[in-house]
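**Q** When you get a sec, could you build the whole thing from the sequences and use the hints?
Keeping their order, the protein sequence lines are chains A and B.
For the first sequence, our numbering assigns the number 1 to the initial residue and increments by one for each residue that follows.
For the second sequence, our numbering assigns the number 1 to the initial residue and increments by one for each residue that follows.
Source of the hints: derived by calculation from the structure; they are not laboratory data.
Note that this is a predicted model, so its numbers are computed, not measured.
Treat the hints with care, as some may be off.
[Unchecked claim] In silico EDC-like cross-links for lysine to aspartate or glutamate, where the CA-CA straight-line distance does not exceed 20 Å: (1) B:K78 to B:D63; (2) A:K99 to B:E101; (3) A:K68 to A:D27; (4) A:K99 to B:D56; (5) A:K42 to B:E44; (6) A:K42 to A:D84; (7) A:K1 to B:D57.
[As the list claims (entries may be wrong)] Far from chain A by the CB rule (all over 12 Å, computed), these chain B residues: (8) A20; (9) P61; (10) R64; (11) A67; (12) I79; (13) S87; (14) L114.
[Unchecked claim] Output of the computed footprint for chain B on chain A, the stretches with three or more beta carbons under 8 Å from beta carbons of chain B: (15) 33 to 47; (16) 81 to 93; (17) 103 to 109.
Idealized CB from N, CA, C, for every residue including glycine.
Chain residues, written in single-letter form:
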Amino acid sequence: KQEVTQIPAALSVPEGENLVLNCSFTDSAIYNLQWFRQDPGKGLTSLLLIQSSQREQTSGRLNASLDKSSGRSTLYIAASQPGDSATYLCAETNFGNEKLTFGTGTRLTIIP
Amino acid sequence: EAGVVQSPRYKIIEKKQPVAFWCNPISGHNTLYWYRQNLGQGPELLIRYENEEAVDDSQLPKDRFSAERLKGVDSTLKIQPAELGDSAVYLCASSRRSARETQYFGPGTRLLVL
Numbered sequence: 001k002q003e004v005t006q007i008p009a010a011l012s013v014p015e016g017e018n019l020v021l022n023c024s025f026t027d028s029a030i031y032n033l034q035w036f037r038q039d040p041g042k043g044l045t046s047l048l049l050i051q052s053s054q055r056e057q058t059s060g061r062l063n064a065s066l067d068k069s070s071g072r073s074t075l076y077i078a079a080s081q082p083g084d085s086a087t088y089l090c091a092e093t094n095f096g097n098e099k100l101t102f103g104t105g106t107r108l109t110i111i112p
Numbered sequence: 001e002a003g004v005v006q007s008p009r010y011k012i013i014e015k016k017q018p019v020a021f022w023c024n025p026i027s028g029h030n031t032l033y034w035y036r037q038n039l040g041q042g043p044e045l046l047i048r049y050e051n052e053e054a055v056d057d058s059q060l061p062k063d064r065f066s067a068e069r070l071k072g073v074d075s076t077l078k079i080q081p082a083e084l085g086d087s088a089v090y091l092c093a094s095s096r097r098s099a100r101e102t103q104y105f106g107p108g109t110r111l112l113v114l
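**A** Have a look at this one:
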């Protein structure tokens, strides 16, 4: 069974700092991994998608990495801003099925 | 392009009552998903459609949940009768072809069963 873990469940950092969010997965046959952002009371917004053949993807101040051998992905946020405050979820897709398996998320608070 | 549209946004019902949620995916997206998200948890897939065919409904509690996607566009998810444990956010998402592509999510319907 595919399992995705995100630790810590909550994180607070001062504005302007760089930060890293962690995601661990047990799936050895991962097809891709996605990072999503969820604002309170809203749906999910896709931030980055990394294929299993890739090691990282970048979009603006965001950089996501994927290490299949260790079963880990990280989301790096540079120069954090209060608008980055949200819950960040990672989700992986398996080669054998087309089902997204989500982690429980990390609730990020950027302190002005 | 318009995003995934869901209605209603909020619904409060008493247990044993029926409830239905509606979803309109992004135009041209063949694959549609219904997820349930409990408080503090990540979304869990209930059902996935490719066009009008339900290709994965293994997590759908079929004794009380039903879904349809007529004409391969809009979809409706129904619960009858609702139980207290069904209180959650029901999210609809769509992708262009397969689940291996980026999924675009609607704002969700927050259901409270009393």
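**Q** Run through the hints listed earlier and report the numbers of any the structure violates, in increasing order.
**A** none
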